[in-house]
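**Q** Here the protein sequences line up with chains A and B, keeping their order.
Residue numbers for the first sequence follow this note's numbering, so the first one is 1 and each next one is one higher.
Residue numbers for the second sequence follow this note's numbering, so the first one is 215 and each next one is one higher.
Treat the hints with care, since some could be wrong.
As the list claims (entries may be wrong) - Computed spacing ranges between beta-carbons, pair by pair: (1) B:Asn931 / A:Thr194: 27 to 37 angstroms; (2) B:Ala953 / A:Thr194: 31 to 41 angstroms; (3) B:Thr795 / A:Asp148: 51 to 61 angstroms; (4) B:Asn931 / A:Glu122: 29 to 39 angstroms; (5) B:Val725 / A:Glu122: 16 to 26 angstroms; (6) B:Asn931 / A:Gly147: 45 to 55 angstroms; (7) A:Glu134 / B:Ser713: 27 to 37 angstroms; (8) A:Gln214 / B:Ala953: 53 to 63 angstroms; (9) B:Ser713 / A:Thr212: 28 to 38 angstroms; (10) A:Glu138 / B:Asn910: 56 to 66 angstroms; (11) A:Thr152 / B:Leu957: 53 to 63 angstroms.
Claimed, not checked - Below, a list of computed lysine-lysine pairs in the DSS-like style, where the Cα atoms sit at most 30 angstroms apart: (12) B:Lys332 / B:Lys970; (13) B:Lys442 / B:Lys311; (14) B:Lys616 / A:Lys191; (15) B:Lys343 / B:Lys972; (16) A:Lys191 / B:Lys548; (17) B:Lys340 / B:Lys446.
The hints are simulated quantities; they were obtained by calculation from the structure and are not laboratory data.
These numbers were taken from a predicted model, which means no experiment stands behind them.
No residue lacks a Cβ here, since even glycine has one placed at the ideal position from N, Cα and C.
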Amino acid sequence: MQMIWVETFYLILKSIINLLKTKTMKNLKTMKNLKFLATVTFATLLFVSCSDDDDAPAPVNEEEVITTLTVTLTPNGGGTAITLQTRDLDGDGPNAPVVTVSGDLTAGATYDGSIVLLNETENPAENITDEVEEESLEHQFFYTLGGDLDVTTAYGNNDSNGNPLGTEFTLTAGAASSGSLTFTLRHEPTKPNTGLSDAGGETDIEATFNVTVQ
Amino acid sequence: MHKYVLLILLLSSITSISQNCENTLSGSVTDRHDGSMLIGATLIVAGTEQAVQTDLEGKFTISNLCNDTYTIQVSHPHCLTKGFTIKISGNTTKSFKLEHHLEELNEITVEGKAYNDKAKTILQSKISKSELERFSSGSIGDALNSLSGVSSLNTGNTVIKPLINGLHSSRIVIINNGVRMEDQEWGAEHAPNVDINSVGNLTLIKGAGALQYGGDAVGGVIVAEASKVPVKDSIYGKTQLTAASNGRGSSLTSQLTKSYKNGWFAAVQGTLKRFGDFEAPDYVLSNTGIFERNVSLHIGLNRFDYGIEAYYSLFKNEIGILRASHLGGAGDQKRAINSERPLIVNDFTYNIIAPKQDVTHHLARIKGFKRFDNFGKLSLQYDFQRNNRLEFDIRRGADRNKASLDLQLDTHTLLLDLDSHLTDEIRLKTGVMGRYQNNFADPNTGVRRLIPDYDKYDLGMYVVADYRLNDKLLLEVGGRFDYTDMDVFKFYRTSFWESRNYDQLFPDIVVDELDNQILTNPQLNFYNPSGTLGATYTFANDYKLFFNYAIASRAPNPSELFSEGLHHSASRIELGDLRFTSEIGHKVSLTLQKDNDIFSFSVNPYINTISDFIVIEPTEIQQTVRGNFQVWEYRQTNAQLLGIDADASYAVTKNFRLNSQFSLVKGYDRTRNEPLISMPPVNTKNEIVYQNSKFNNIRLSIQSEYNFRQNEYPDTNFDVFIPETQTMETVDVSTPPSAYHLLNFNSSIDFTIHHKSKLTIGFGITNVLNTSYRNYLNRLRNYADDLGRNFLFNLKINY
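Let's have the full structure, built from the sequences with the hints guiding it.
**A** Now the structure itself:
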């Protein structure tokens, strides 16, 4: 591969020299100089061409990407927990997240909610919830209701200043209804705030689930 | 020198004995380096002391010479006096060549003539040293912005990328001290890594006509050169301090040059620039500070026949990116655009935090030249550049202070150029170029590589000839061929690889399959021919008409080929395409120029038709766990840019001058029949200057700058679901801002403080009326206003 290069280069040089030879035949010293320069050029190119290495680079697994958000709703007083999950194994690749809701909520029941964030591009998967909880002052979850969904939410844990963090929460289902439940994680929000509208910050996660209360 | 010549003359006169003394010696006296005839040169024959002068055509005749050997002294006011020994046998003809006076000679030889006539059939715009000094605290992009036809693509107010006739980034070639900048110029938010204070003069060539610099300058070429060093025993320097109210910072630059009569010289130059957060009229633009440090060294030997020089420069720049421009998904983008004020406004600070860029650029070159009689000037140059770009994003946990992007680009280039006068009328410039480039993306960032690791080989050769048909007409023709070979190691996301159908198209390049990524080894090559054809016609004393047609071809850059992921500063996902071919531009430009002390103007209409033009445009909305993002994909299309640039300057009285300029460009996607994105709106600048050289060279100027609204733009708005309101809302990312008018004031006055030292004090105000405005070509225009009023104080000492 590199030899072809060098040869091409040499051929081009040679043809230029030939082209100019007719004009400069009489000036031998010039030719000598030109030949010297050509040799230097040629040698440097050869040197440069040989200095590459074909080692394959190491793969990079995205360290901060959140691929999976799992909300576990455990009914107070026992029963089957309900999980809401959104999972996007290719991060910001073209595949859309896979959203699953394991079941319906029971009217009138109260649930203990907990949120787990994972980066599953790494093996083993990295638990991002730990980082969020360590940096609790800089994070906050928000729960947004849509449609006719009749549920109420309350924060279950706080940051070190006593403002809500929300990786833990309680959810109380009201009458039978259905609608959407959106979990938003903001990075560096204004704290305290009255909700998403004045929280500011950047969105780290925005996951919407269609939920039914029966 | 005179003494020796005379001594030789005296000695040789003794030996001359008269015999048959009816011969004549005739011939001409010419300038050794440009071959021009020297009028009024004096020839004295030693011994007989017979003296003649050359006529208006540089010709002479000396009669009554014997068949013998004579020594003739040839002198000319602008040249070095020289003695020649001539053997007369019958009537003899002989041409003598003289060198320019040493100081003047140097003007030509330090950088070589190749850089004086960069392109002969395109009007070149130049920015002089004194004009550049007014931009000392700004950037090279700010200075270029003052020329008609040039605007800039900004990211905030410190990343200023020149835009020539509507084109930018990889379509513009920047030559810094003879070296083609390889500083990851593909990025729209990557400013040129050139210290404006190291530049002695700046030349702009609109279009690809200057083939010696490359065949891919679809937009144009910018040539920055250091000041010439005189060939005499001298030591001199300059220190300039600029303090500005907006950003509450200053820049300090100093340079010192030592030169010797024997041709040796050394120069050292340095700049320190520090600004805190800049301010719009109504708020602080948080995290927009800049901290720039540069140093350059230049040593060399400069003779008429030969020369050698070495140059090294280090450019280091830390730039804060507006904090409020860093966004999560489309919902955040909607909030940011709807907000009157930036979403994050903090108190003024000098601290630069993430998001920020930290760029280091090393440039070293060695160049030698030798001038051969009857052949021309041959020069050989080797240069090395190392560009390290770190970009810091807002990150979590242990990665908080780690760069998200860490690219190191090394470039080695070898250039061999020949500049030769084939005849008095024909001049030939030819050369070959070999380049090796290696890009290394550090995997320790913990973020997938934006630009993959690659090795790139370039080989180019060019020939440009100009033919002076007569005093009025000059023709120029040139051709260039470049070959590019890329050896790339790229990790693709398996999902992207399959969604693009690459698994069917390129199964052979797969090296390894990992869990969710595929390692590939694309080997790409591009053959890029380019050429130029032009004419310059001089008429009616001060009028010139330039015509130029240039074909340029540019290989796709790494970001166009390999982008694949989220681009935070733009809050969008960008996707390149492995299948791209070279884009080919055909530009026809015509310039009518009148150059006169009282009234001068130039009008330059042009049309640039580009096939396989690479554009990036939004295609869809993609869902991720982070929220929704707009996807921007690169695409090849046929584009056409039409425009006109006009300049005029009129001296109303001896001290008052009016300067005007106007630029218009329209860009269209001819395949889709829609306007191109990021085309500069029409703008006009008008200036009144008062200058009085008798009164301490006082200079006062008021400039008005009017930017129209861009009315032609592609609609790239998109709809996004907002959970809080349960509604679909339009995110308006494409509507251009309103027209605006800015008023700037500038003044300066000189004082002589010592017979060799001069002090210049300057004061200026930009945006005098503190107008709130947004610039269509600022990538952060959706998030904040542009700069408010700025008071600048400038102190310069020449010594």
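**Q** Out of the numbered hints, which ones does the structure contradict?
**A** 6, 12
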